[in-house]
Every structure is written in structure tokens, then in C-alpha cells.
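Please construct the entire structure, taking both the sequences and the accompanying hints into account.
There are 2 protein chains.
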Amino acid sequence: MDTTVMLGHGSGGTMMKRIIDDVFFAAYAGEELLRGDDAAVLPAPAPGERLAFSTDSFVVTPHFFPGGDIGRLAVCGTVNDVATSGATPRYLSVGFVLEEGFPIEDLKRICASMAECAREAGVALVTGDTKVVNRGHGDGVFINTSGVGTLAPGVELGGAQCRPGDKVLVTGTLGDHGITIMSCRESLSFSSGLESDAAPLNHLIAEVLAAAPHTRCFRDPTRGGLASTLNELASQSGTDITVEEDAVPVKPAVLGACEMLGYDPLQVANEGKMVCVVAPDEADAALAAMRANRYGADAAIIGEVASAQPERGPKVFLRTAFGGTRILDMLVGEQLPRIC
Amino acid sequence: MDTTVMLGHGSGGTMMKRIIDDVFFAAYAGEELLRGDDAAVLPAPAPGERLAFSTDSFVVTPHFFPGGDIGRLAVCGTVNDVATSGATPRYLSVGFVLEEGFPIEDLKRICASMAECAREAGVALVTGDTKVVNRGHGDGVFINTSGVGTLAPGVELGGAQCRPGDKVLVTGTLGDHGITIMSCRESLSFSSGLESDAAPLNHLIAEVLAAAPHTRCFRDPTRGGLASTLNELASQSGTDITVEEDAVPVKPAVLGACEMLGYDPLQVANEGKMVCVVAPDEADAALAAMRANRYGADAAIIGEVASAQPERGPKVFLRTAFGGTRILDMLVGEQLPRIC
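Protein chains in written order, with the UniProt record's numbering: chain E, 1 to 340; chain S, 1 to 340.
Errors might be hidden in some of the hints.
Cut-off 16 Å, straight-line C-alpha distance, at most; resulting in silico cross-link-like pairs (EDC-like, lysine to aspartate or glutamate) [as the list claims (entries may be wrong)]:
1) E/Lys108 <-> E/Asp2
2) E/Lys108 <-> E/Asp21
3) E/Lys17 <-> S/Asp329
4) E/Lys315 <-> E/Glu304
5) S/Lys17 <-> E/Asp329
6) S/Lys315 <-> S/Asp329
Calculated directly from the structure, the hints in this document are not laboratory data.
As C-alpha cells, this is what we get:
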């Protein structure tokens, strides 16, 4: 067996067949829909079911970190994006861009992690592609996943649905993923015990929708963190959003790292968290449903939607622990690159 | 406006919003399904319609070449993969991995080319993602496209459907794409006038299926060329396939380049060609349908499927112009990397 990725593994011939059989099929065994044709053929959705479709590329370094790896991120990220629409994620595609010289053992670990995470999420890896780039023109491994889900009639979630009075929830502590990646990269020790939160949240979302049918939207606060996500939601719905700083769950290790480095924890990336906006009278039910799920134990109601001031346009405000209020802006430029 | 890609364009904040608005939405104007949520919600398929799903990443260099560019390849490649199942390609996702420093003007050209090609194919670009990697950890631009199509009840194409007696067709001359890319890269002049054949073939496929309803399969002979594709089909269906060398259309410029460089034109990559296996009594109808399409003018019947010898397993044979017969193997290792 080859020990590192070579250009021939991407050239469509016998070496490529070998890596597909020995690495990909070996890891994804039981995924019956992979048939050797260029497109996967999938069953007809139930009558009236719409489709949800999303894509994400993953370029994080390091490839392995506490709490996960690039493969787990790649499955969770797309599962979660599809699930935010209210759809049931069903099928994933996987596209690898490998750099010549990447260790085959690492690729096997990544594929095993993807297969395990797909099983947990209940999605099937049904089609894939592998390209190999010359040494020095990639970064070991990049992964694209795209996902297809089915969406029951009548479910209409989206940032534009938020309206004044709605409550804003998060499913758990913020900043864990971004600070974990940064600590790994810089070999910092202040975050000992911290782990990436990468997790498939589709089951949690389904449970919240069952408990709180007037949920307006889910959005995962990945790059740009909570601040960017709330600004997107405010902008899409033409509303103001006010967040209570005291109510936002952040681990002490994350807070400490952010203070030392001058980061705002509300702008740090998450991978296994959801922001959720819910009709006011269903907020408690949504919160209880989150807390009942293993990935929602630290869920909290953190804020509220209000009418925007016409002369100023939609804004996001943070009411601080000291009683002041400041505007919470989107991240400008870049804080911590390649966290996903 | 920024002139080159910066890390901040991938960080989820205001710079990323700017590149999305100024580059992607500007190019894909009219694609109404892009709404700012994390997943595109797509209409329900007609009752009984199955889905076809495929993915492909594109890493070709140079990014622009005679007859196309990486964007045109990225749309055509996935449109064609979805169409090989007999499905109507409908929706594409687009995932960019950009290298810091990549010129924004080049990105705009690529996006314009993708939009134009999507219009020709009749597919909508409905969801996307952009990542930026540090200078020296990418190669300007990599693109992943994934595609979803709808497949009418009863259509069952695939490599496993080939059976003894079937005819093998190609939709045009072989090797144009691979030799064009190599000539560009090495600044060779023997191929003057040669162009990449990158083209969306979904309409051609639909026309062939209408004319020859007992078509067994389509497969695009990209990496590994005709030789690898036929070996895949033989292996999937447990048959032998014999090709008449004289019948295979190859342009003189491609033949000349291959002779000079020691390449086998049957192992060189194509991007706008299909191999098609058809029931014997429908081969002429399929050929006529191909030739009536602008991308099938040079189509030809090039060979036949036969029973495999049980003691030897499925094989592909080439009957040469001199009357001999040799085994046509899959490409071993790599011939010409990063042609797509």
C-alpha cells in the first residue's frame, strides 16, 4: 500500500482506483449508494417534499485538534447548514483536494472520522471526487462537502422571518472551536481542557422544531462568530437585535484567552452551536428541548428582536454587564484565519 | 474595491460580505434562489422523480486556456456528471478555495464564465461558499461544484447495464482538452488552433435518450481518457469491449502532439465528450442525434461490447489500424496532472 499521496492518485487510472478502494470505500463501507457511476441516484422524495442544498469547503489547520479533525468538521458543517433550513439532511458528497506527499494514514483517519460522524448524523456519503495537486500548491488536505436534505411542506425558516418580540437563543458556550484551534496552532497552554465543539446538530434542530413550531430560524455562528450571525439576521429581517452580555454562555478558559489576546468572544468561530430565533411564547419550550439534547446542555436565552429605527437601519446591540449598551458589529477583516 | 484576495475575504465578516456582493452576486445576478441563508431551499421534484447528485473539484492550471477556463470546466464537469445518469441537471453549488493574493479581476472573469455556462446548460447556481488560504498554501483558485438533478421514473443508466452486442460511441474527437492544457503549460506550438472541448452536454444526452431509449450508459472520458472509461465500463458490466482504432476520431494536431511526446491519445483527458453505450439496433439513431447537436458533429461508432472470457475477466481490446489486437489498459500512474 502507498504511504503518501502521489500525483498518480488523482489521474484517473489504476492508482486512483487503488486509493478509492483502499481508503474511501474501506472507510465508507456500507454506503450502498456509491456504485462507480459518475452521479449517485437517490430515491424520490416524498410527495411535496422540497429539497435543501448547501456546500462548504474546509481548509482548517492543524488537521487534527482536540475534539475533532477536518473530516468531522466537514461532515458537521454541511449537515448543520442543511439542517438550518428545517430540512432533514440525507446525502453528502465529498470532494478531496490532496497535496502530493500527504500521509495516507492521515487520510484514513480523516475518512474514518467522516464515516463515524455521518453515522451519528444519519446521513449517507453517496458520491465523491479526489484531486491531487503538486507539492507546495495545497496544504495537505482540503475537503468540500455538499449536502442534500428533504424539507417537509410548510416549514419556512430563514433569517428574514425574525420579527419584533422574538427571543434569541444559543445552544451552548461560544468560542470553544476558534480558541481551541488557535491554541493548537500557537501551542498556547491557557486553554487546557478546551475542545472544539464540532457536532452534528440536525437531531437537536428537529427536537426544537417539534417543541417550538414557531421557530423563525437557525444559523450556525461559524466564521465571524455570534456577532456576524446576528448582524446577518438583523439585516435580513430589517430588525434590531439586543443581546444581554451576562446571558451569553462563555467558558472561563475562552474568556481568559480572549482577554489575553484582545479577541471578542462574540466574534470567535463556533462549529457545534446554533443561534435560534423563536416566537416569544415558545422560547422556554425551545430552551428545554435544547437542554435535553447532549449538544445543548448549556443553551440559553440571550436576547430579543425589536423594531429597527427607520433612520438608522437594522442594528445589533450588546447590553453589557455594567449596564451600558454598545453596537455589536460584524467582524471587520480577519481575526483568526482558517478555523474551518 | 479590493484588487486581490485577502485573508479577511474568507473570515465571515464585512470583507467577506463585500466579495460576495461585488463578485459573486454581481456575476450570478438573476439567480433568485440565493437568499443569504445557509442552505438553498429548492422546489419539490415532480412525484416519482428521483435525484441525481454528483461532485467535482477543479484544480487545473493555467486557469485560463484556449476554449475555456477553470470556471467553465467547473460548471460543465458537474453538469455532465449529473447528466450521465439520465437526469436533468437543475442546481449547482459552488465552493471556492482562494489563495491570498489572487487577482479579483481573474475571479470576476471566472464567475462570469460560470454564469454564462450555467445559462447555456439551464442550471441555477443556488448556494456557495468561499474560503481563503494563506499565500503559498493553495494555487490561486480551486473550485468545487456539486450538482443536483431530477431523474424521471424508469430511466436506469449505468456502467453495469452494458451487454454483449451493444455498440460503443463517442460524441467527438478525443484528447483536445488534455493536449491544449499541456501545450499552454509548456508553451508548445505544435497544437496551434487546438482548443479545450469543455462543454455542457446535458442537452445532447437528452436528445440521444429521446432517439435511442435503450441507451445503456454515458460516461465522460476525463482523467485517464477513453482507455480508463472503457475499462471501468467493462469491469462494472463484466464484459469485454473492443474498439476499432481507425474509427476513433482524433484531430491530426492531437495525434502529432501525442506521437512527439509518447502519449496515447486514448489515455488523454477530455472535458466535452461522452462515451455512450447503446443497444445495437439504436446505434444509428443515437449517432444521428449526436451529430445533430453542436457538440456532437464528429461523433462516431467506435466499438462493440462482447462476453468476457470467464478465465480472464473483463478486458478492453484495441483492434489497430494494422489489423492486430492489443489490450487497452487503464492509465497507470499519472500522465499529465491537473488537467481539470
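Verification of the supplied hints:
1. E/Lys108 <-> E/Asp2: 12 Å, holds
2. E/Lys108 <-> E/Asp21: 12 Å, holds
3. E/Lys17 <-> S/Asp329: 13 Å, holds
4. E/Lys315 <-> E/Glu304: 12 Å, holds
5. S/Lys17 <-> E/Asp329: Between S/Lys17 and E/Asp329 the Cα gap is close to 13 Å, so the pair holds against 16 Å.
6. S/Lys315 <-> S/Asp329: 8 Å, holds
In this structure, every one of the numbered hints holds.
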